[in-house]
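Going by this note's numbering, the first residue of the sequence shown is number 48, and it counts up by one from there.
In short, the hints are calculated from the structure, not lab data.
Hints may contain errors.
[As the list claims (entries may be wrong)] Straight-line Cα separation of at most 30 Å, BS3-like style, residue types lysine-lysine; simulated pairs:
1. 470 to 498
2. 234 to 159
3. 260 to 176
[What the hints assert, rightly or not] What follows is a set of in silico ranges between Cβ atoms, one per label pair, in the way DEER data are often shown:
4. 172 to 352: 27 to 33 Å
5. 172 to 332: 50 to 56 Å
6. 205 to 414: 27 to 33 Å
7. 498 to 548: 24 to 30 Å
Virtual Cβ for every residue (Gly too), placed ideally from N, Cα, C.
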Amino acid sequence: MTTPALLPLSGRRLPPLNLGASAFPHHRATLRLSEKFILLLILSAFITLCFGAFFFLPDSSKHKRFDLGLEDVLIPHVDTSKGGKNLGGFLIHGQGHDEHRHREEEERLRNKIRADHEKALEEAKEKLKKSRDEIQAEIQTEKNKVVQELKKKDSKPLPPVPLPNLIGINSGEPADPDIREKRNKVKEMMEHAWDNYRQYGWGHNELKPIARKGHSTNIFGNSQMGATIVDALDTLYIMGLHDEFREGQEWIDKNLDFSVNSEVSVFEVNIRFIGGLLAAYYLSGQEVFKIKAVQLAGKLLPAFNTPTGIPWAMVNLKSGVGRNWGWASAGSSILAEFGTLHMEFVHLSYLTGDPVYYNKVMHIRKLLQKMDRPNGLYPNYLNPRTGRWGQHHTSVGGLGDSFYEYLLKAWLMSDKTDTEARKMYDDAIEAIEKHLVRKSNGGLTFIGEWKNGHLERKMGHLTCFAGGMFALGADGSRDDKAGHYLQLGAEIAHTCHESYDRTTLKLGPEAFKFDGGVEAVAVRQNEKYYILRPEVIETYWYMWRFTHDPKYRQWGWEATQAIDKYCRVSGGFSGVKDVYSSSPTYDDVQQSFFLAETLKYLYLLFSNDDLLPLDNWVFNTEAHPLPVLHLANTTLSGNPAYR
Numbered sequence: 048m049t050t051p052a053l054l055p056l057s058g059r060r061l062p063p064l065n066l067g068a069s070a071f072p073h074h075r076a077t078l079r080l081s082e083k084f085i086l087l088l089i090l091s092a093f094i095t096l097c098f099g100a101f102f103f104l105p106d107s108s109k110h111k112r113f114d115l116g117l118e119d120v121l122i123p124h125v126d127t128s129k130g131g132k133n134l135g136g137f138l139i140h141g142q143g144h145d146e147h148r149h150r151e152e153e154e155r156l157r158n159k160i161r162a163d164h165e166k167a168l169e170e171a172k173e174k175l176k177k178s179r180d181e182i183q184a185e186i187q188t189e190k191n192k193v194v195q196e197l198k199k200k201d202s203k204p205l206p207p208v209p210l211p212n213l214i215g216i217n218s219g220e221p222a223d224p225d226i227r228e229k230r231n232k233v234k235e236m237m238e239h240a241w242d243n244y245r246q247y248g249w250g251h252n253e254l255k256p257i258a259r260k261g262h263s264t265n266i267f268g269n270s271q272m273g274a275t276i277v278d279a280l281d282t283l284y285i286m287g288l289h290d291e292f293r294e295g296q297e298w299i300d301k302n303l304d305f306s307v308n309s310e311v312s313v314f315e316v317n318i319r320f321i322g323g324l325l326a327a328y329y330l331s332g333q334e335v336f337k338i339k340a341v342q343l344a345g346k347l348l349p350a351f352n353t354p355t356g357i358p359w360a361m362v363n364l365k366s367g368v369g370r371n372w373g374w375a376s377a378g379s380s381i382l383a384e385f386g387t388l389h390m391e392f393v394h395l396s397y398l399t400g401d402p403v404y405y406n407k408v409m410h411i412r413k414l415l416q417k418m419d420r421p422n423g424l425y426p427n428y429l430n431p432r433t434g435r436w437g438q439h440h441t442s443v444g445g446l447g448d449s450f451y452e453y454l455l456k457a458w459l460m461s462d463k464t465d466t467e468a469r470k471m472y473d474d475a476i477e478a479i480e481k482h483l484v485r486k487s488n489g490g491l492t493f494i495g496e497w498k499n500g501h502l503e504r505k506m507g508h509l510t511c512f513a514g515g516m517f518a519l520g521a522d523g524s525r526d527d528k529a530g531h532y533l534q535l536g537a538e539i540a541h542t543c544h545e546s547y548d549r550t551t552l553k554l555g556p557e558a559f560k561f562d563g564g565v566e567a568v569a570v571r572q573n574e575k576y577y578i579l580r581p582e583v584i585e586t587y588w589y590m591w592r593f594t595h596d597p598k599y600r601q602w603g604w605e606a607t608q609a610i611d612k613y614c615r616v617s618g619g620f621s622g623v624k625d626v627y628s629s630s631p632t633y634d635d636v637q638q639s640f641f642l643a644e645t646l647k648y649l650y651l652l653f654s655n656d657d658l659l660p661l662d663n664w665v666f667n668t669e670a671h672p673l674p675v676l677h678l679a680n681t682t683l684s685g686n687p688a689y690r
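Build the full structure now, drawing on both the sequences and the hints.
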């Protein structure tokens, strides 16, 4: 994480991997190979039939040996009227009858093989008479049949599961005309982002809004998996953009294919694709989303085939081969990646009745509970082969962040019955507050990073989500500390707002320091960029929901205006490379999480609280809402996978 090329995006990210045109075979060469294949197929069928005749035609000597082996077999006597001699309760069958039967069988087999030969020869003659185009068409027809059969196999119906009681999936329109106007502005920004993606990047993972073409990074492998479509679906739905939602659904139904030779990030595909598909299913009730989520989850399971059960960071969707990022400490897996699977995997077990997903994430939890933690802190790296910690680096930002978030949300999603998760969260937060939370000379509360025994006084944009997490977890805190954690959340929100307010563009940098006289300001050039990140706005929204302090809506509106002014281009929205420059250059990437998270949190910030109420919904780390699984649900109470 020391070079800009490896800096995280919505979680942890790496540079893109592109395939050239040479990866695809020439059409004409394919045709010649297909013709040869057909002729070889006909020839091999003919040879097979000939060998069948040689080996399987009945032979009198074989039958004689067979009869000799059976002629003295004693068969329990059932009925003495069937042509045998009764000898002490057993029958000895006569040979004459058997020989006649075998001759008839021989003749029948000869006739069948002769007919098969003639049929194969006729088919071969017919094939050889056909033109190239006809042969090509037949090949394509057969391919299509195979594809359809595979789709049928993968699309086997899942057991019916009653949906949880879904509350607040529509409207939320505010009565205040000023707030309503701001909400409509956010919706218009979503339409601008979506329309340009549809026009210039449709089916690609993301959009290059200035070059006006598709974009991808290696977290999605080398395939066009439509990440923006899947990530944006639930945002489209809650904004009432149902025509756009149906466009996305149609693409997913017809084009989203996971049987590709592509190496993907397990973490990113889980939070964006499985999370996005599950949220779209719960909101719309459309089965295709559930089916696709389960298909993809099955492709991720081989990543868990390690000596410890801690999954690899990456897995090939076709081969199931996994590996870790080359830059991670001594081949380690990353805490925020293997620790950010619980919500989605619990819902997968709930929807399928298959405990395998639940068992995988619970195994990770049990292993972590047994391990020693330096100063009560979880290091960011864990070796999946040895089960030992890697480098002792602890962060509530990149590499660590969503692990803590998912401990809290596992408890909330279980209707507050998963007390084990709540205890792990409380223990972790106490250690974080003791060792990482500090106050600057200027009075700004920040969360530093623990590296090799000392605290680095730097905070990342990703860490700003923690303000919302502290507020969300305040209710249910130990020792009646709800007020304390709500206040801590407010202080983090204030610090992160300062990081925005102290820039030229009023957009926050990737990371900012608290050294000497420098506070909440980026120092290094490679930390001055803004890539449409959501974490600060996410915290504003949670703080608004729990306090209704109008300053959070005001801060959110400042961010909305800055994004629209400095990140909007004619082809969508782009990140900027320097938030301290009055004429910044663009990075030319419209991130999928901009549609999934940033615009969703802004829209919710200017909506009433009855839109996706927090008593009924828990948001995954990509802002995909999943319903609380209340114990009153008949399916849940009888589901052994979840119990």
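Evaluated hints:
no.: 1; hint: 470 to 498; verdict: 25 Å, holds
no.: 2; hint: 234 to 159; verdict: 71 Å, violated
no.: 3; hint: 260 to 176; verdict: 46 Å, violated
no.: 4; hint: 172 to 352: 27 to 33 Å; verdict: 51 Å, violated
no.: 5; hint: 172 to 332: 50 to 56 Å; verdict: 54 Å, holds
no.: 6; hint: 205 to 414: 27 to 33 Å; verdict: 29 Å, holds
no.: 7; hint: 498 to 548: 24 to 30 Å; verdict: 28 Å, holds
Taken one by one, the earlier hints fail for this structure at numbers 2, 3, 4, listed in ascending order.
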